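Trainee: With these hints in hand, go ahead and build the complete structure from the sequences.
Number of protein chains: 2
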Amino acid sequence: MADCMKAAALLRGWDDILVLCHASPDGDTLGSAGALVRGLGALGKRVFFACGDKIDEKYSYLFEGLAPLGREPAHIVSVDVATPSLLGSLEEEYAGRIDLAIDHHSGHTLFARESWVEPDSAANSELIYLLLQELGVSIDKAMADCLYTGISTDTGCFRYANVTPRTHRIAARLLELEADGARINREMHESKSKAQIEAERILMESMAFSCGGKCAMVQVPLSIYERTGVQEGDLEGMAALPRQIKGVLLGVTLKEKENGLVKGSVRSNPPANAREIGESFGGGGHPGAAGFTLPGMTLSQAAEKVEAACREQLLRLGLL
Amino acid sequence: MADCMKAAALLRGWDDILVLCHASPDGDTLGSAGALVRGLGALGKRVFFACGDKIDEKYSYLFEGLAPLGREPAHIVSVDVATPSLLGSLEEEYAGRIDLAIDHHSGHTLFARESWVEPDSAANSELIYLLLQELGVSIDKAMADCLYTGISTDTGCFRYANVTPRTHRIAARLLELEADGARINREMHESKSKAQIEAERILMESMAFSCGGKCAMVQVPLSIYERTGVQEGDLEGMAALPRQIKGVLLGVTLKEKENGLVKGSVRSNPPANAREIGESFGGGGHPGAAGFTLPGMTLSQAAEKVEAACREQLLRLGLL
Chain B
1 MADCMKAAAL LRGWDDILVL CHASPDGDTL GSAGALVRGL GALGKRVFFA
51 CGDKIDEKYS YLFEGLAPLG REPAHIVSVD VATPSLLGSL EEEYAGRIDL
101 AIDHHSGHTL FARESWVEPD SAANSELIYL LLQELGVSID KAMADCLYTG
151 ISTDTGCFRY ANVTPRTHRI AARLLELEAD GARINREMHE SKSKAQIEAE
201 RILMESMAFS CGGKCAMVQV PLSIYERTGV QEGDLEGMAA LPRQIKGVLL
251 GVTLKEKENG LVKGSVRSNP PANAREIGES FGGGGHPGAA GFTLPGMTLS
301 QAAEKVEAAC REQLLRLGLL
Chain V
1 MADCMKAAAL LRGWDDILVL CHASPDGDTL GSAGALVRGL GALGKRVFFA
51 CGDKIDEKYS YLFEGLAPLG REPAHIVSVD VATPSLLGSL EEEYAGRIDL
101 AIDHHSGHTL FARESWVEPD SAANSELIYL LLQELGVSID KAMADCLYTG
151 ISTDTGCFRY ANVTPRTHRI AARLLELEAD GARINREMHE SKSKAQIEAE
201 RILMESMAFS CGGKCAMVQV PLSIYERTGV QEGDLEGMAA LPRQIKGVLL
251 GVTLKEKENG LVKGSVRSNP PANAREIGES FGGGGHPGAA GFTLPGMTLS
301 QAAEKVEAAC REQLLRLGLL
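Chains as they are written, first to last, in our numbering: chain B, 1 to 320; chain V, 1 to 320.
In case anyone wonders, no lab produced these hints; they're calculated from the structure.
These numbers were taken from a predicted model, which means no experiment stands behind them.
A hint or two may mislead.
As the list claims (entries may be wrong) - Just the calculated beta-carbon pair ranges, DEER-fashion:
1) V:Glu57 <-> B:Ala208: 26 to 36 Å
2) V:Glu178 <-> B:Leu43: 32 to 42 Å
3) B:Gly136 <-> V:Asp16: 39 to 49 Å
4) V:Glu57 <-> B:Ser206: 24 to 34 Å
Note that the Cβ used here is the ideal one computed from N, Cα and C, for glycine as well.
Mentor: So, in structure tokens, the structure goes:
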């Protein structure tokens, strides 16, 4: 297993580098990529990035002014990617060719030639901060904004149990480097359209409780988009809501997708464990937050399956 | 004006100290008091605290194990109190006798014999942290929990523009001193009862927009408590919601109280300024968050007055 010094040494020797994000990209994989591409660019390297899914408009500032993929890469680096299937549509082309994986998921599957994995890091962007320091990159405002975005989004704005003293110290440094923390937090955590508020209201009303109120589940039917005018990306924040209710240990959001797929998000309060639920359905994540995809079923079939898994975990923990 | 060293020197020479919080107490005034009482107690001093209003159950851990007011104080210290009227029911007894005011409000009125005021400090609890350091107090877990609570609540969990690098560095240190950040954040920012969710749903539905969507206002009638079963303290979080809507620069929450009083909260996004609105109605606060009380009017009369003040500010700023 590589460490920060080893990762830096490898990158120093490379040029024409492609940085890969995970599919359904979030602020941490995109912030990691944005900062790494800028940092390596500042060292004079040709570097570009790719993501298997469309990047939501709200993240566009992370990549402002960066050149798109220009040529065949000589080296490939993945950031915040736990396992090759999470590359999505890029899996087939790149999965077997990744030279360096930088990740913070405890379920990381060591798929790359070299891997630097720190599961205790709240955000992957913390590792990119350390890496840029190690590489001697002078972190500019754009990089600081990228790294702050990754840290803020993966910690629920410094709220979750994954936050360590290091997380706060890096955030302090990023503010000194002119990261616009207040604006980023507003965009990432506060800004909602009226359509979003209406959709959240409808979905919260439909929330179902089970396991004596310890499990709360929201189902998001495809029809919500037409009914309210929200975009799918607008409902990312929904995943956090069921867990906010007093007494809830496992909060589940199930989203209906095209082609009979159901995408699930689990958030947990200790001692419940979201990752276990995610992994039991072939997905993954962190102890407090995980995701998975269920193929070939309706929302209500998925709800039944996931509720059973939640009940099983709570029973096993002696909580029912 | 005193500074941290001067405040510490004064406190070293004192005993039988009463620490006063502001009325309608929040996490910062209570966290400041809880930590200061414990810290001075650790130095062997007799010290107790008082607050003009009942302290909400969710803050009870801040004062666990502390002795109640026991004797006539020889010295009085106020924490997070901008002006004597904010002492509420304690104003009459104590307002003229305060020896030391420690505060971070830019509208602080210098009412005490000595004052240490740092308006650039995101939370008053940051000042108490520095003071305990200066006093050589060994900060234990209970003090760290108090200080973390104050910082987390006054910054919206590190979200607002008032957060500085120092805020994050102190938070890092408090986590090392075993502050239970994740639990505190859950209790302060995430935990909602079903009644709360129902009440928020009703109130959000009634939200009114004006000034071309730049001003959003929620009215909280007394009837909401009976209708949903929420307690008044359960609706503190409401104040943050109107500002979260895209395009809103001034978010206002008006709560009907007994005796024809209306309590207002304003939250703003730059360049709008909440404090100006608060002060124009005889209240106060910070640039991003302020409060005030309007006597002798109905909710809709108050709404009309406040909307006019918001419109006037937005016009003056050239935003309408």
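Trainee: For each hint, tell me whether it holds in the structure or not.
Mentor: Hint check results:
1. V:Glu57 <-> B:Ala208: 26 to 36 Å: Hint holds: Cβ distance 28 Å, inside 26 to 36 Å.
2. V:Glu178 <-> B:Leu43: 32 to 42 Å: Holds, since Glu178 (chain V) and Leu43 (chain B) (Cβ atoms, about 40 Å apart) stay within the stated range.
3. B:Gly136 <-> V:Asp16: 39 to 49 Å: About 57 Å separates the Cβ atoms of Gly136 (chain B) and Asp16 (chain V), which means 39 to 49 Å is violated.
4. V:Glu57 <-> B:Ser206: 24 to 34 Å: 30 Å, holds
In this structure, the one hint that does not hold is number 3.
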